[in-house]
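Given the coordinates of chain H, work out where chain P should sit on it, guided by the hints.
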Amino acid sequence: MHEISLCEDVVQLIEAQAGVQGFRRVRTVRLEIGSLAGVEIEAMRFGFDAVARGSIADGASLEIIEVPGTAWCPHCRKQVGVELRFDACPDCGHQPLQLTAGDEMRILELEVE
Amino acid sequence: MMCTTCGCGEGETSIDGHHHHHDHPLPVAGRQATASRAPGLAQARMVRIEQDILSKNNGYAAANRRLLAGCGITALNLVSSPGSGKTTLLTRTLCDLKGEVPMAVVEGDQQTSRDAERIRATGVRAVQINTGKGCHLDAHMVGHALASLKPEANSLLFIENVGNLVCPAAFDLGEACKVAILWVTEGEDKPLKYPDMFAAAGLMLLNKIDLLPHLAFDVAQCIGYARRVNPGIQVLQVSAATGEGMDGWYRWLRETRRMTPAGLSEPAAA
Numbered sequence: 001m002h003e004i005s006l007c008e009d010v011v012q013l014i015e016a017q018a019g020v021q022g023f024r025r026v027r028t029v030r031l032e033i034g035s036l037a038g039v040e041i042e043a044m045r046f047g048f049d050a051v052a053r054g055s056i057a058d059g060a061s062l063e064i065i066e067v068p069g070t071a072w073c074p075h076c077r078k079q080v081g082v083e084l085r086f087d088a089c090p091d092c093g094h095q096p097l098q099l100t101a102g103d104e105m106r107i108l109e110l111e112v113e
Numbered sequence: 114m115m116c117t118t119c120g121c122g123e124g125e126t127s128i129d130g131h132h133h134h135h136d137h138p139l140p141v142a143g144r145q146a147t148a149s150r151a152p153g154l155a156q157a158r159m160v161r162i163e164q165d166i167l168s169k170n171n172g173y174a175a176a177n178r179r180l181l182a183g184c185g186i187t188a189l190n191l192v193s194s195p196g197s198g199k200t201t202l203l204t205r206t207l208c209d210l211k212g213e214v215p216m217a218v219v220e221g222d223q224q225t226s227r228d229a230e231r232i233r234a235t236g237v238r239a240v241q242i243n244t245g246k247g248c249h250l251d252a253h254m255v256g257h258a259l260a261s262l263k264p265e266a267n268s269l270l271f272i273e274n275v276g277n278l279v280c281p282a283a284f285d286l287g288e289a290c291k292v293a294i295l296w297v298t299e300g301e302d303k304p305l306k307y308p309d310m311f312a313a314a315g316l317m318l319l320n321k322i323d324l325l326p327h328l329a330f331d332v333a334q335c336i337g338y339a340r341r342v343n344p345g346i347q348v349l350q351v352s353a354a355t356g357e358g359m360d361g362w363y364r365w366l367r368e369t370r371r372m373t374p375a376g377l378s379e380p381a382a383a
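These protein sequences, in sequence, are chains H and P.
Using this note's numbering, you'd call the opening residue of the first sequence number 1 and step up by one each time.
Using this note's numbering, you'd call the opening residue of the second sequence number 114 and step up by one each time.
Treat the hints as calculated values from the structure; they're not laboratory data.
Treat the hints loosely; a few may be bogus.
Claimed, not checked - Below, simulated SDA-like cross-link-like pairs (lysine to any residue); rule was C-alpha separation at most 20 Å, straight line:
#1 P:246 <-> H:62
#2 P:306 <-> H:83
#3 P:211 <-> P:356
What the hints assert, rightly or not - Which stretches of chain H does chain P cover? Using the computed rule of at least three CB atoms under 8 Å from a CB of chain P, they are:
#4 5–19
#5 60–69
#6 81–88
#7 98–107
We put the beta carbon where it would ideally sit given N, CA and C, even for glycine.
For reference, chain H alone in the conformation it holds in the complex (with noise of 0.2 Å):
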């Protein structure tokens, strides 16, 4: 459920950053999330329209880069990869990893006019 005021924190820092890079209108909106950071893809996308709307990304299109998880094992000596925050390590079912990507949530860029 969080989605909907995650998509209202990215639609207010575009917002901040009109002014400073003078932009009037964004048409694309890319957004990098992590596969491990508690976030729902399809409801972050359903929310950005609905909370975009009114707004200077009123109709931007989201682009979504999900990041695989990974993390550092450190008996193998190797990064892994890993589906949940706090599997084991999938070669030697070593515990804990230390988690290298995937909890990211960040606006990368924009495409703006």
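Just chain P, lined up with the frame of chain H:
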């Protein structure tokens, strides 16, 4: 209605019945435009932003944390699923510690001020945030609540979050520690099912342990699951109804408060 603290207008959220909105101009931290033009689109250009989506909330949380630190206030963010007995645990705590330490409460619920009224009945000051459609408290709402509550210097501040084990995990409010409350009918594997919350919490209170004789709840397994997602989490077993284990919780509160440096001033109004 216009808010007198920061001039924000009307919105979904209300504090003690007064509406608040989230449209503050924010300090802008992004990078300058790269101004690379996309081919075929005469006016269009790309701008790099590279900002964390939670940066707005985190900015407000940092401001709350500075305000609280300046006043020596220890703030705890109480999180759980609905029905875990947060408010009962809190009212008992307030009654038992009232003569020992100044306390105040921020109550978060989607609707009604019933919880704040239960808190006020103990004689402790409380402010109610209604989140409307929102499923969690955010740092901006809490900032407003602090301005209206004005908790005493060197007090204990309890922030009772909306009953929800998912969303509040991501939103820092400026607290010293998150306390996750789990009760014994919920199933031992809650920490595995909602790992983000138990990973974010410093303490897990296993509540309503007076019911254990009637249930097939494996306490050791539950604690094991909590430690699997958060090896450093402390666990205390309590019953707010019978008072069992509450002394351990009070010792934890005193210790956590002792680690908060004493503040010099009362909180400012804004």
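Coverage criterion applied to the region 81–88 of chain H (partner chain P; beta-carbon cut 8 Å; 3 residues): holds (count 3)
Within a Cα-Cα threshold of 20 Å, do residue 306 of chain P and residue 83 of chain H meet the stated pairing? holds, 14 Å
Establish whether the coverage given for the region 60–69 of chain H by chain P is satisfied; the threshold is a Cβ-Cβ distance below 8 Å, and no fewer than three residues must meet it. violated (count 0)
Verify the coverage statement for the region 98–107 of chain H against chain P, using a C-beta to C-beta distance below 8 Å and requiring 3 or more qualifying residues. Contact hint for the region 98–107 of chain H vs chain P: holds, 3 residues under 8 Å.
Given coverage of the region 5–19 of chain H by chain P, tested with a Cβ cutoff of 8 Å and a minimum of 3 residues: holds (count 11)
20 Å limit on alpha-carbon distance, applied to hinted pair residue 211 of chain P and residue 356 of chain P: holds, 16 Å
Hint consistency between residue 246 of chain P and residue 62 of chain H [alpha-carbon to alpha-carbon, up to 20 Å]: violated, 23 Å
Checked against the numbered hints listed earlier, the structure breaks hints 1, 5; every other hint is satisfied.
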